[in-house]
Amino acid sequence: MTLHEILFWILSLWAIVAAIFVVLSRNPVNSVLCLIATFFAISGHYILMNAQFLAVVNIIVYAGAIMVLFLFVIMLMNLNTDTEPQKSRLIHFAALISAGSMLLLILAALRTAELTEVPVSDAGDIGLIEVLGKTLYTDYVLPFELSSVLFLAAMVGTMVIARKETSKEEVPSDNK
Amino acid sequence: MPIEYYLFLSFTLFAIGVMGVLMRRNAIIIFMCIELMLNAVNLLMVAFSKVHGEAGAQVFVFFSMVVAAAEVAIGLAIIVMVFRKINSVDINVLNRLKN
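Residue numbers (this note's numbering), protein chains in the order written: chain B, 28 to 203; chain D, -7 to 91.
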């Protein structure tokens, strides 16, 4: 086994175990921490595939920004106790069976697929910032600009949804 | 590594995410499991972009991260709003749209 394969198996095991703990952990804060561990493992996979830009963006955006937002909300609601009422054991079993059957179904469908024989290697430089930047600013410049509009809309929407409700007396004003 | 290994890994992560959505009652945990599924798909897309030598796929992964960030901001705002109204994030309490 080469070093590349050893790292692949370690990172895969790490990602799957951490993802299972996200689902099974009773305390929401532990779930968030396990999800951050999963994201770090996925970033490791990106580095193994020489997708350096996405590895860095994954850590900054997901593990840095999004999960801190989750942690803030959990702390804000004071949910960091394991008093969450659990679903019944039957529902747990049914969820396990459904997810397992879905996995089996996809894997069974994969058997008839014609996959390429080209292995995923760390050769090539399409994951580097230079190449991706050129692609982003030539072929995909319109989606890039549109995503800024999307962010503006999301920002305004968050403010509108999350602000405190004003008192009901002010709303029906008689300025007809 | 052959592409099959990445397919197996992504499908397993996706199935764990589905299991979490079906199993948990806390709306925030369900939201986190959706993020997990998004990441599984991103991982698969990067693997296929390496196989086919296509840089556009990695740009699409970047855009999917952008959309996920916006989605998380909106979704958490909705969850905070719901928590303020009914003091719970239990999805079994959030059944007012049923009737």
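I should point out that these hints are in silico values taken from the structure, not numbers from a laboratory.
Treat each hint with caution, since some may be false.
[As the list claims (entries may be wrong)] One side only, chain D facing chain B, incomplete, derived with CB under 10 Å:
1) Ala7
2) Cys25
3) Ala39
4) Ala49
5) Ala62
6) Ile71
7) Leu86
8) Asn87
9) Arg88
10) Leu89
Just so it is clear, CB atoms sit at the ideal spot from N, CA and C, and this is done for glycine as well.
Hints and how they fare:
1. Ala7: Check passed: Cβ of D:Ala7 comes within 4 Å of chain B, closer than 10 Å.
2. Cys25: holds, 7 Å
3. Ala39: holds, 5 Å
4. Ala49: Interface hint status for D:Ala49: holds (9 Å vs cutoff 10 Å).
5. Ala62: holds, 4 Å
6. Ile71: holds, 7 Å
7. Leu86: violated, 14 Å
8. Asn87: Hint violated; D:Asn87 Cβ to chain B Cβ min 14 Å, cut 10 Å.
9. Arg88: violated, 17 Å
10. Leu89: Status violated, d = 17 Å.
Checked against the numbered hints above, the structure breaks hints 7, 8, 9 and 10 and satisfies the rest.
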